[in-house]
Amino acid sequence: MDALLYLLDGLRKSYGGPAVLDLDHLEVQAGEVLALVGPSGAGKSTLLRLLNFLEPPTAGSIVYHGRTFRDHRVPIAVRREITTVFQRPALLRGSVRRNVAYGLRLRGQRDDRRVEQMLAQVGLGDRAKAHAQRLSGGEMQRVALARALVVEPTVLLLDEPTANLDPYNVGLIEDIVRRQNREQGTTVVLVTHNVFQARRLATRVGLMLSGRLIEIGPAPQFFESPSDPRTAAFVRGEMVY
Amino acid sequence: MDEIVRGLVRAANLICTADPAVLEIVWLSLFVSGLALAISTVIGVPAGAALGLWSRIRVRGLITVLLYTGMGLPPVVVGLAVYLLLSRSGPLGFLGWLFTPSAMVLAQFVIALPVVAGLTMIAVQSVEPGVRLQVRALGATRWQELVAVLREARVGVMASVVAAFGSIISEVGAVMLAGGNIEGRTRVLTTAIVLGTRMGEFDLALALGIILLLLAFLANAVLFWLQQRAEG
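Residue numbers (numbering that gives the first Met the number 0), protein chains in the order written: chain Y, 0 to 240; chain V, 0 to 231.
It is worth saying that the hints were derived from the structure and are not from the lab. In this text, a Cβ means the ideal position worked out from N, Cα and C, and glycines have one as well. Please note that the accuracy of each hint is not assured.
Stated by the list, open to error - Covered stretches of chain Y (in silico footprint by chain V; criterion: 3 or more residues with CB under 8 Å from a CB of chain V, positions within the stretch not fixed): (1) 73-79; (2) 98-107; (3) 143-156.
As the list claims (entries may be wrong) - Calculated from the model, a selection of chain V residues having no Cβ within reach of chain Y, i.e. all distances over 10 Å: (4) Arg-5; (5) Val-21; (6) Leu-29; (7) Leu-72; (8) Pro-90; (9) Ser-101; (10) Val-130; (11) Gln-133; (12) Thr-140; (13) Gln-143.
Given only the sequences and the hints, what does the whole structure look like? Please build it.
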């Protein structure tokens, strides 16, 4: 615990126009659950894409496990230590089992037992043969989570994973994430609008607005005694920009 | 009406007796169109997928417009171009392909390639963008990403192959000009139908037309069955 996993310095991302992400400095510690909260358009999802090396930064660098990356030239072995679950599960055609086994197949592995275990862990042990596209929204998101976890990632990035889900599925997914972090030591970076979810899951919380990190700190401090008035307002459920 | 009935009877007769001349024409039709389709698929599917996937290809707009134009190419114009290319004084005349099945395959390949590549591109572009991002987020290489997206777009990709097959098995202008409709060498169903009609042998032409329709139906039925399986 508390070993530095990510170090982001002067990280900037733009798509031709103004920067959608402009971070002076951010550290992510190995084994922590970091929640990034903020309204839509704050740059949270962009940050996750950069952390997963899906896009290169426009400026600045990402130090991951002591190695510095500034562009898209990231070894596949490094990328494969990190997985993301997006808000929309984007399941592939075919069965639930095929979807969950997909990440393993990409890595040239086959481990039916691990797939079965993962399906059981997300409560879908009896739906392995079902067509993935015919599941309910909550079940689909649990398949997406199982698919991300079966490869035993070092880092799990979650982009609004429970938005639009019913409380039952939200509870299940939060339990799985919590257990994964506690038992496997997986580092989790969670992006959410939901301050209650951040409070339930995170060890540290950061507020992002307009591409910038406004405040970050341990969860109790962030919620009980924020130093920035915008954080206080966001925690109270007020609109902040 | 009599001719239609006679045509139907003769078609049944030719099919049931496995007339050697007809079989030869059918075989050559399938060989030429099948080979042209196979080459178009091998080249057109990856090319269409690349165009659909990678928006950073510099001349993608121009290539797309060319593909769309190619999808509507009049076969007779293709036949003329292939004829001029392969004629003795043409740039590819040294190949000696004119009035051979190779020339017919080349002509049908030119017709089928834009159809396969263009429709594959559209099928790939219609795959939900989130799938691509998700596949990469799970650790796919560029190649694995291409395979995954093609797999997701497979119903559309198969449709592109079906459409291309339909356009070449039924075309006459290109194979007529490039192949010359030589009996026993380059005569295929469509050119034989044209010849039969010109010579007033309507029942034979109709019989061959029915066989052509049956072949097209069978090929499309197989592809439809594969599509249904792909849709799960």
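So, going through the hints one by one against the coordinates:
| no. | hint | result |
| --- | --- | --- |
| 1 | 73-79 | holds (count 3) |
| 2 | 98-107 | holds (count 4) |
| 3 | 143-156 | holds (count 5) |
| 4 | Arg-5 | holds, 49 Å |
| 5 | Val-21 | holds, 42 Å |
| 6 | Leu-29 | holds, 31 Å |
| 7 | Leu-72 | holds, 33 Å |
| 8 | Pro-90 | holds, 42 Å |
| 9 | Ser-101 | holds, 39 Å |
| 10 | Val-130 | violated, 5 Å |
| 11 | Gln-133 | violated, 4 Å |
| 12 | Thr-140 | violated, 6 Å |
| 13 | Gln-143 | violated, 6 Å |
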